[in-house]
Amino acid sequence: MKFLDFIAANRALILECLWRHILLVVISVAVGIIIAIPLGVLLTRHKRAAGPVLGVVGVVQTIPGLVMLGFALLLFGIGLKPALIVLSIYSVLPILRNAYTGITDVEVSYVDAARGIGMTGGQILRKVELPLAMPSIISGIRISTVYIVSWATLAGLIGAGGLGDLIWTGLSTYNTNYILAGAVPSAILAFAFSGLIGLFQRVLTPRGLRRRGT
Amino acid sequence: MIKFQQVSKSYGKALILDNLSFEIKKGEFVVLIGPSGCGKTTTLRTINRLIEPDKGEVYIDGKNIKEQDPVALRRTIGYVIQQIGLFPNMTVEQNILVVPKLLKYPKEKCDEIVRELLNLVNMPYEENAHKYPSELSGGQQQRIGVLRALAASPPIVLMDEPFGALDPITRDALQEEVKRIQRKLKKTIVFVTHDMEEALRMADTIVFMNNGKIVQMASPEEMLRNPADDLIKSFMGRHISNGNGAEGLLAEDFMRTKVLKAHKTAHILACIDMMSRRDVNSMIVLNEDDTFAGTVSIEAIKEHGKAGSEIGDLISTEFITIGRKSPAREAFEKLLSSPYNYIVILNEKNTVAGLITRTGMAKAMGEALWGELPS
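These protein sequences, in sequence, are chains E and H. In this text, residue positions in the first sequence follow the working numbering: the first is 1, and each later residue adds one. In this text, residue positions in the second sequence follow the working numbering: the first is 1, and each later residue adds one.
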């Protein structure tokens, strides 16, 4: 069977896997954002903790995804839940690191001026630090998302579904069509997410920070 | 208005403010100046509690600032910094209105404030309000920085080397504008600088600090007239009339000793020959005993000279002299108020020591200002 015929024949299955894959990515990146940004802000307020925390998160990131999924399987059983937990953990680091450096890289003179004219700590964060760190934070989210699109293919191994299902089926039955039907959409998905977030980044970057002419 | 009472602050072992006590009156333009590390910026930042002193009290309008909420306090004190610190993510209008917005002014009042303030620095609202700081020149940015500090009409404005990063022409313009605004709005301004010229120009009162202490607190005039110590003198530099060592200079320090001289008995032709060879148009004439007799100019020779006669017949009495040990200043003054091109410097026994020409004087002035010049 030709690849295109295969896709036509299995459209419903592929779309279902794709949808499941998107869900995996969106949920785990969202969880990552919710954890990483406040944590990043917290670290900028307690700089002495920043080194060790970023170090530990970095080490966790280096543990192979397969191993983590294995642990998750043992701890939480099979299905969506362990996959989401593992993927969320992986999505934290790039966002955390960029949020932290983005905020610490805000020039001290802005923060000094903000403090000197009577902003509270929260106002400085909301009106000055976060807007100025926004480009960096969003590029962290972008990196994270692209990673998670590819990590999520592993989630099929522990029964979480997604495009990984197709790939693993193809590998175990030696069926190229299955492999491609999983791999090509996930590659496209990675590009699509990256482009979408890039667009987002342009919209969310304060106008005064954009280079003139872009 | 602002009163420091025995304020001390140290970082580690370094004592930055050493038992500082002084008072700033309402409406006064006070400039804090001194060498770096003297504590001037620390003093400034103590006023809006960006720095908390270890000891001592600071009062504003009789109220101890320690007992006020620092955030509320800062909203009643304008603050301008050297790096300007305009928020790049906000427009000019948004930047100016940061404090009024924090204080929840109604919208109409905010609009009014922005227009009024932009007018104050001749930056029309329509052209400038919606620009971002990156679209403004350095001078314009700092104008907006000053306006931001003024927006909520604080009675006190703190300025930390606000013009330090600007080019000299822009700095001059801004100094003038700030001084004008201060007079017009009757603000109390505390201004930090390390530039004495700026201090002399802007201050009602200069506070000179060193090692965390006040060395002298006086009006610019008083400080120029009676600088309290050598450090202040050196800061005053060329603004001070004496104290830079110039009073010790004598006429002889500026004189040229290679001077064309002839005795009265010399023949005119020989003199003309000497003058044309040295390319000068006058020379000194001496008596037999080498004392100064007078001068003779090439014009006089052309007019009255007869070949074969002696130079002594043509001596002009149109000259000025001064003793070599006289102050250089006196020599310069005499020369300047005379129509002549040089002044003759005499030794004690009336012999000629040399002369100071107008060009020589100009060169000396130039070298005093800019160091050695090519001759």
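Source of the hints: derived by calculation from the structure; they are not laboratory data. Do not rely on the hints blindly, as some may be mistaken.
Said to hold, decoys possible - Only some residues are given here: those of chain H computed to face chain E with a beta carbon under 10 Å:
1. T76
2. A152
3. P155
4. V280
5. I284
Glycine included, each C-beta is placed from N, C-alpha and C at the ideal position.
Evaluated hints:
With a cut of 10 Å, the hint placing T76 (chain H) at the interface with chain E holds, because the nearest CB-to-CB distance is about 8 Å. Satisfaction of the interface hint for A152 (chain H) is found here, the shortest Cβ-Cβ separation to chain E being roughly 9 Å, below the 10 Å cut-off. The interface hint given for P155 (chain H) is broken, as the beta carbon of that residue sits about 14 Å from the closest beta carbon of chain E, more than 10 Å. Annotation: interface hint on V280 (chain H) violated; nearest CB of chain E at approximately 62 Å, more than 10 Å.
Interface hint status for I284 (chain H): violated, as the beta-carbon distance to the closest one in chain E is roughly 66 Å, over 10 Å.
Going through the hint list in order, the structure does not satisfy hints 3, 4 and 5.
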